[in-house]
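K.L.:
Residue numbers (my numbering), protein chains in the order written: chain A, 1 to 186; chain Y, 187 to 848; chain F, 849 to 949.
In short, the hints are calculated from the structure, not lab data.
None of the values given here were measured: they were computed from a predicted structure.
It is possible that some hints are incorrect.
[What the hints assert, rightly or not] Quick list of simulated restraints, FRET-style, between CB atoms:
| id | chain 1 | residue 1 | chain 2 | residue 2 | range |
| --- | --- | --- | --- | --- | --- |
| 1 | F | G938 | A | N137 | 36 to 44 Å |
| 2 | Y | G835 | A | N25 | 30 to 38 Å |
| 3 | Y | A838 | A | D2 | 32 to 40 Å |
Glycine is no exception: its CB is placed at the ideal position from the N, C-alpha and C atoms.
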Amino acid sequence: MDWAVFIVAAIAILAGAVGVVTSRNPVHAALNLVLTLFGVAVLFVAQQAHFLAVVQVIVYAGAIVVLFLFVIMLLGVDQSENLEVEPLAGQRPAAVGIGIAALAALLLPILFGKWQWLSGQASVVGPAHTGTDPNVNRLAKALFTRYLLPFEATSVLLVIAVVGAVVLARRPLSSERRAETVTEEP
Amino acid sequence: MLDIVWLLPALPLLGFGLLLLVGRRLGDPRAGWLATTLVAGSFAVAAVVCAGLYLRSPHDRVFVQTLFDWIPVGGLHIPVAFRVDQLSITMALFVTGVSTLIHLYSIGYMHGDDRFPTFFVYLNLFVFSMLMLVLADNFVLTFLGWEGVGACSYFLISFWFERNTAAVAGKKAFVTNRVGDFGFLLGMFLIFAHLGSLDYGTVFGHVSSLSTSTATAIGLLLFLGAVGKSAQLPLYIWLPDAMEGPTPVSALIHAATMVTAGVFLMARIHPILFHGPDTLTVIAVIGAATDFYAATIACAQNDIKKVLAYSTISQLGYMFLAIGSGAYVAAIFHMITHAFFKALLFLGAGSVMHGMHDEQDMKKMGALRKWMPITAGTFIVAWLAIAGVPPFSGFWSKDEILINAWDKSAVLWAVGAITALLTAYYMSRQVFMVFFGNARWQEAADAKEPQEAEAQAEHEPAAAEGTADEHGGKDEHGAHGDFRPHESPWTMALPLVALAGLSAVGGALNLPINKSTEFLTKWLEPLFGSSLHEVTASTGTKWLLFAVTLVLVLIGIGLARAVYLAHRIPEDDLEPSVLRHAWYFDAFISALVDGPGRLLGAWTAYVFDLKVIDGAVNGVATLVRDTGGTVRRIQTGFVRNYALAIAAGALALFAFVVFRTA
Amino acid sequence: MTVPGAWYLTLAAFLFVIGAVGLLVRRNVLVMFMCVELMLNAVNLTFVTFARMLDDIGGQVIVFFVLVVAAAEVVVGLGIIVAIFRRRAGATADDISLLKG
């Protein structure tokens with residue numbers, strides 16, 4: 001049963017990822033991204049991270065991808081990109097090379113069963129699935145006691161992000177329009 | 187009593203300063219009297235200091251007075267310190283003595299010159315420098331004096347700089363000296379490198395720690411300095427040209443004091459020379475060679491001062507021959523007697539020129555003893571002294587040198603002896619041409635007279651004003667037909683007489699009769715110690731050598747008489763043009779500098795400097811620029827390339843971190 | 849039987865590499881952004897896997913924060929893109945190369 005879930009989710013994830021990378025149309029890419037995100041959410045549930053799975057769907061698939069689609073729609077970035085041509089010399093081969101090297105570097109420890117090289121100590125913060133508390137409780141306990149300060153800091157971060165977005169995306173005031181003489185011609 | 191030694195250089199320095207400030211206001215002749223008085227004061231101080239030194243026991247005669255620390259730099263400490271010992275005080279005595287007489291002489295000689303006070307400024311500065319040279323307690327202070335006399339020599343030789351030949355001669359003297367000074371400097375560097383000090387006391391105390399080759403090297407380098415300053419082969423070329431300066435300058439600087447600085451230096455560094463004896467051989471050989479070479483040239487010169495110039499070079503050769511034979515006392519003895527008679531000869535020549543309306547060509551003189559008796563008399567005394575006729579001083583000093591040379595090598599003695607013959611010959615030649623024989627100047631004037639009388643009638647008014655001669659002194663000479671040589675004023679005659687007296691009896695300083703009459707040897711022996719050569723020839727040999735030299739001298743005088751008085755041998759036979767042109771040495775050097783020297787300069791400037799040095803510097807810049815130009819192509823401006831680079835870097839880091847724990 | 853953690857890690861590795869290659873190869877700015885999201889998801893998956901393997905809730909806490917920051921990042925990033933596209937439409941990543949040396 002677990003295996004079936006895993007296999008299906010894995011296929012969904014990989015298909016979506018490849019789809020994002022190879023889609024000509026950005027809208028298609030966004031939709032493929034949603035597929036990947038859903039797959040990841042499923043795997044979160046399989047690993048007993050229920051809260052995160054829900055949050056993943058709501059925030060990532062629900063808000064972020066929607067945001068992407070909004071921008072695509074507003075700005076008309078839906079023109080297809082010509083994937084045949086690569087203007088920068090050597091970029092593709094180099095990218096593929098790095099990809100293969102990265103894959104090797106990441107998989108080798110796993111294949112040799114030495115994933116200890118990649119991980120840390122057990123139960124530094126608190127138990128994840130021993131005991132009887134539900135996942136949400138455990139997460140909340142860690143978050144609101146030990147990691148309270150980062151939590152508050154992220155709230156500040158969100159405020160900054162909002163302010164930043166507003167400032168960046170608004171139409172310039174009439175006084176600024178006269179000051180804008182910058183051209184970006186190369 | 188010895189504490190006043192600092193006054194010795196201080197008085198002429200004071201004179202220099204005062205004359206610099208108010209000399210022009212004092213004018214002619216008060217500036218001259220001020221300068222003379224101060225130098226005479228120095229002489230008095232020297233006498234007092236000498237007495238004080240004499241009163242000490244013979245082995246305690248070293249006194250060092252330190253004034254202040256001049257150069258304190260790291261491990262190098264150079265104080266301004268004076269060293270009073272037998273050698274330095276002897277030098278100081280005769281330097282100040284002869285200088286006083288020459289200052290007095292100059293008051294008369296330079297009378298009427300526009301720049302009369304300036305002359306005495308330079309003279310006083312010269313005496314100061316010379317005293318610093320002689321009294322210094324370390325090499326650097328000596329070098330200060332060394333350079334100072336060189337600079338003053340430049341000023342004084344080109345004193346009448348409006349004359350192009352004088353300006354050129356001054357430059358030549360300075361540049362040639364510089365070549366020698368280069369050797370002096372290198373010698374100093376070597377000493378400091380090996381012994382860590384430039385103080386005479388320290389250096390001479392530790393000479394034995396030097397290897398023989400180092401001592402020889404140091405000796406040779408310092409000797410190079412002496413070769414430049416004392417006009418030996420091959421750096422003698424400046425001295426004959428230096429006759430462009432006023433005659434008192436020639437007397438003081440080039441006969442009596444500055445040129446002897448080289449001999450003094452060699453005497454000073456006798457421990458170093460003793461430790462590297464090959465240097466002594468080199469010194470002796472060069473001394474003997476210069477001796478002979480210069481004497482041959484003097485035999486064919488017609489300018490009264492040029493004869494004396496080459497004679498000076500030759501006599502200096504004798505002194506170096508003495509040093510090379512280890513006979514330091516003989517060298518100093520000859521230096522002193524030479525100072526007397528050579529100064530006298532120059533001053534006498536100046537007196538002759540003054541009386542002959544600045545004529546310098548001996549062919550136009552003759553029979554002057556009738557008109558200038560004092561000058562003639564003193565000149566003859568000097569002649570006998572330099573020729574080496576007993577009992578005048580030159581005989582004793584020259585023979586002492588020759589005996590020591592015999593001990594070193596018979597060949598050197600032979601060269602010295604033959605040169606004695608030549609010396610007698612050319613000096614007699616000079617005396618006969620100038621003071622005896624026919625009055626050639628009168629014959630020349632008489633021949634011109636008929637034409638002159640006509641010209642006179644037309645140019646009366648102009649002629650009556652007289653022509654300004656260099657001294658501005660108006661005419662006792664009158665118009666051309668009335669020319670008469672005349673004797674010099676008392677300020678010029680008195681020094682002549684004084685020097686004549688000294689030349690006559692100067693031999694008494696070191697008569698070789700027995701130990702008790704050898705005053706100079708007794709005085710200087712404790713200073714030189716084992717460096718001083720003990721004569722090994724037997725008394726019989728000594729008398730034989732005396733006799734041989736005397737015979738050669740008489741032959742020389744006789745030969746000159748035969749040519750120039752009795753006219754039995756024509757003059758031109760004995761005056762080949764190669765000698766008149768000084769073996770074409772000057773021409774050789776000019777050709778060398780103009781040809782290969784110029785090529786070398788051009789090559790250095792246009793090839794080496796431009797291509798190699800500029801090429802290296804520019805090459806570095808070009809290299810950097812080209813490297814930058816190549817490397818900057820990494821900055822494509824494309825974000826994706828940068829992302830690629832980041833990815834690669836991150837991957838490398840990751841791999842490193844992970845796999846190092848493996 | 850549960851799937852061993854190694855499989856999850858392998859999957860995450862593949863996802864990450866695909867995202868990285870996509871970032872380097874694509875020119876459209878928004879697609880590049882999406883590839884960044886892929887990489888972030890791969891990392892999230894890895895952390896959650898380790899949380900399970902090591903029995904540590906800390907892994908999930910980290911994912912929580914990653915999620916928050918990713919959201920903020922997307923907001924600001926898209927704002928920038930909007931600002932750029934206002935100047936000229938149809939800009940791609942290659943068009944901004946003023947810093948060429």
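K.L.:
Take the hints in turn and mark each one as holding or not.
P.N.:
Against the structure, the hints:
Hint check: F:G938 to A:N137, Cβ distance near 50 Å, so the stated range 36 to 44 Å is violated. At roughly 33 Å, the beta carbons of Y:G835 and A:N25 sit within the given window of 30 to 38 Å. For Y:A838 paired with A:D2, a C-beta distance near 37 Å keeps the hint of 32 to 40 Å intact.
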